[in-house]
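Okay, here's what each chain looks like letter by letter:
There are 2 protein chains.
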Amino acid sequence: MNKPSLLLACPLPNIDLPELARSFTLIGAGDRRMERDEMVALLPNCQAMICNTSQPVDRAVLDAGPILRIISNFGVGYNHIDIAYAAQKGIAVTNTPDILTDATADLGFALILATCRRVGEGDRYCREGKFTGFEASLFLGQQVYGRTLGIVGCGRIGQAVARRASGFSMKCLYHNRKPLEKSLEQERGLQYADFNSLLEISDIILISTPLTPETRHLFTLEQFQRMKRSSVLVNISRGPVVKEAD
Amino acid sequence: MNKPSLLLACPLPNIDLPELARSFTLIGAGDRRMERDEMVALLPNCQAMICNTSQPVDRAVLDAGPILRIISNFGVGYNHIDIAYAAQKGIAVTNTPDILTDATADLGFALILATCRRVGEGDRYCREGKFTGFEASLFLGQQVYGRTLGIVGCGRIGQAVARRASGFSMKCLYHNRKPLEKSLEQERGLQYADFNSLLEISDIILISTPLTPETRHLFTLEQFQRMKRSSVLVNISRGPVVKEAD
Numbered sequence: 001m002n003k004p005s006l007l008l009a010c011p012l013p014n015i016d017l018p019e020l021a022r023s024f025t026l027i028g029a030g031d032r033r034m035e036r037d038e039m040v041a042l043l044p045n046c047q048a049m050i051c052n053t054s055q056p057v058d059r060a061v062l063d064a065g066p067i068l069r070i071i072s073n074f075g076v077g078y079n080h081i082d083i084a085y086a087a088q089k090g091i092a093v094t095n096t097p098d099i100l101t102d103a104t105a106d107l108g109f110a111l112i113l114a115t116c117r118r119v120g121e122g123d124r125y126c127r128e129g130k131f132t133g134f135e136a137s138l139f140l141g142q143q144v145y146g147r148t149l150g151i152v153g154c155g156r157i158g159q160a161v162a163r164r165a166s167g168f169s170m171k172c173l174y175h176n177r178k179p180l181e182k183s184l185e186q187e188r189g190l191q192y193a194d195f196n197s198l199l200e201i202s203d204i205i206l207i208s209t210p211l212t213p214e215t216r217h218l219f220t221l222e223q224f225q226r227m228k229r230s231s232v233l234v235n236i237s238r239g240p241v242v243k244e245a246d
Numbered sequence: 001m002n003k004p005s006l007l008l009a010c011p012l013p014n015i016d017l018p019e020l021a022r023s024f025t026l027i028g029a030g031d032r033r034m035e036r037d038e039m040v041a042l043l044p045n046c047q048a049m050i051c052n053t054s055q056p057v058d059r060a061v062l063d064a065g066p067i068l069r070i071i072s073n074f075g076v077g078y079n080h081i082d083i084a085y086a087a088q089k090g091i092a093v094t095n096t097p098d099i100l101t102d103a104t105a106d107l108g109f110a111l112i113l114a115t116c117r118r119v120g121e122g123d124r125y126c127r128e129g130k131f132t133g134f135e136a137s138l139f140l141g142q143q144v145y146g147r148t149l150g151i152v153g154c155g156r157i158g159q160a161v162a163r164r165a166s167g168f169s170m171k172c173l174y175h176n177r178k179p180l181e182k183s184l185e186q187e188r189g190l191q192y193a194d195f196n197s198l199l200e201i202s203d204i205i206l207i208s209t210p211l212t213p214e215t216r217h218l219f220t221l222e223q224f225q226r227m228k229r230s231s232v233l234v235n236i237s238r239g240p241v242v243k244e245a246d
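Chains S and Z supply the protein sequences, listed in that same order.
When the first sequence is numbered by the working numbering, its final residue is 246 and no position is left out of the sequence of numbers.
When the second sequence is numbered by the working numbering, its final residue is 246 and no position is left out of the sequence of numbers.
Don't take every hint at face value.
Chain copies aren't distinguished; within one or between two, either way the pair holds.
Stated by the list, open to error - Below 25 Å or equal to it, Euclidean Cα-Cα: the simulated DMTMM-like pairs (lysine to aspartate or glutamate) are: (1) Lys228 with Asp58; (2) Lys182 with Asp98; (3) Lys171 with Glu187; (4) Lys171 with Glu128; (5) Lys228 with Glu19; (6) Lys171 with Asp31; (7) Lys182 with Asp16; (8) Lys130 with Glu38; (9) Lys243 with Glu128; (10) Lys178 with Asp37; (11) Lys182 with Glu200.
Calculated directly from the structure, the hints in this document are not laboratory data.
Keep in mind the model is a prediction, meaning the values are calculated, not measured.
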C-alpha cells in the first residue's frame, strides 16, 4: 500500500522523523519554515500537512491541496487558518491546546514582572557597561505585589496566570463574555468586572482572549484612554486584539 | 538653639526637604551621590548623614566626622559601613529593613522568569527588528512551572520568594545555617536541604543571604560544578557571595 504524503512545512524541533517516515512519505525535512509559494507547489500530492501559526493557510493554499485530508497545526492558535473553508472541503484541522497553558502563563507573568520592574531596560544598561552603583531612583519600577490585575479573556491561560498572581497577593479581576461559575471564581480568587470597570481599576491588564471577530481590535484608543496613565498592558493573545495604529 | 547639620550624601527621591530643614541644617541637596572626597570634606561639621549602599563608609570616612552621631543608610544592606568601628565611636547606624522585602522578592522572581524564559534576549531581538514570525525553537526557554527552586539564605526575602513560587507549583528547597521552625516550613511550603544536596537537586537557585564573612565566596567553582548543567542561578544578595573570578 502506498503511504500517504505528509508536507513538513515548518521546523519541528526534537521530532522523530524515522518514526514519522514509517507511516508517511515525508515531503520536506521539517527544518525550516516554507514560504507560501513552496507550500502551494508541494501540496497537490499531499494528504497531510504540518504547519505553524506564522503560516497563513487561506482559501488559495487550501485549494492547492486537492487530496489534502488533515492539517496538523503546531500551536494553539488557529486564526491563520481559514477553518470554515477547510471544513467545507472536508479537511480536518488540529491544534495543540493545553500543552502550552503553563508555559504561556509563565511567559505572561514574566512579561508583567519584566515590564513593571524594567528588566529589559536594566539588562541593556548593564550590558552597555553603564552601571556604576546603586541609585534609589535608577530604574525605579512599579510594585507588582498587592496590586490589581485585570485579566481580559479568562480561559485556561488567564486562570493559570491568576494562580501565579495569588502568590504575589494580587487582586484579580477578569472579564469574559459570560462570567465563570461562582465556585470557580472562588477557587481561583477571581472577581468578575465589566470591561470598562476593569480598564479603569486595574494597575496591570493582561489580554488572554482568543482572536475572533468579536475580539479583533477590542483595544482601541478609547480603551487606552480609560486606563490609568500608569497602567501596564501585557498582550499574550494575538496581536490584532490591539489596534496599534490608533 | 542651633539645628544639627545633616549631610545628604546620596539622591533622595520624593523627599520632603522643607520638612527636613525644620529640624536640620541641610548640607547638600540630596540630588546626587557624593564622592568620597566630598563626603570627607563636609563631614567635620555634621552630626548626621544619609548615604546609600554604594557609598563605602570605612574608618577614614568615620574619622572625618568627629561630631557625627548617626548614619541613616538608605537601604537594607550595610556591608559597606564599618559598623564595628562606628559602634566603637558611638555612631548609630540605621537601615531600612522590611520596606523592600516585597519589591526585592518581586525583582528576584522577575529575574528567575526573565532568565528561564529569555526575556532580555527576546527583547533585544525584537527591538533590532529581527523577529519575522513564530518558530517553535526560537528562544526556546526553560519551564519555571513545577520545577525545583533552591533558596540559599531563606530569611524574610527568601520566604517572600517562596510564596511567589507556590503560585507556580514549584517545589521549594532551602538552606540556612539552621533550619526554620517546622511550622514555618509547612506554612511556606519549604523543605530544608543541606547545601550540597540543594545545589545538586535544584533547577533554579536563588541566593538571598546577607553578605557576611561566612557567605563571602560561598559560591566558588566547586559549587557551580555541583549544579546541573542547565541550572539557573539568580543572586539577589550581594555580589561577593559569588566568587566570579573562579
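Would you pick out the hints that fail for this structure and give their numbers low to high? Violated: hints 1, 4, 5, 6, 7 and 10.
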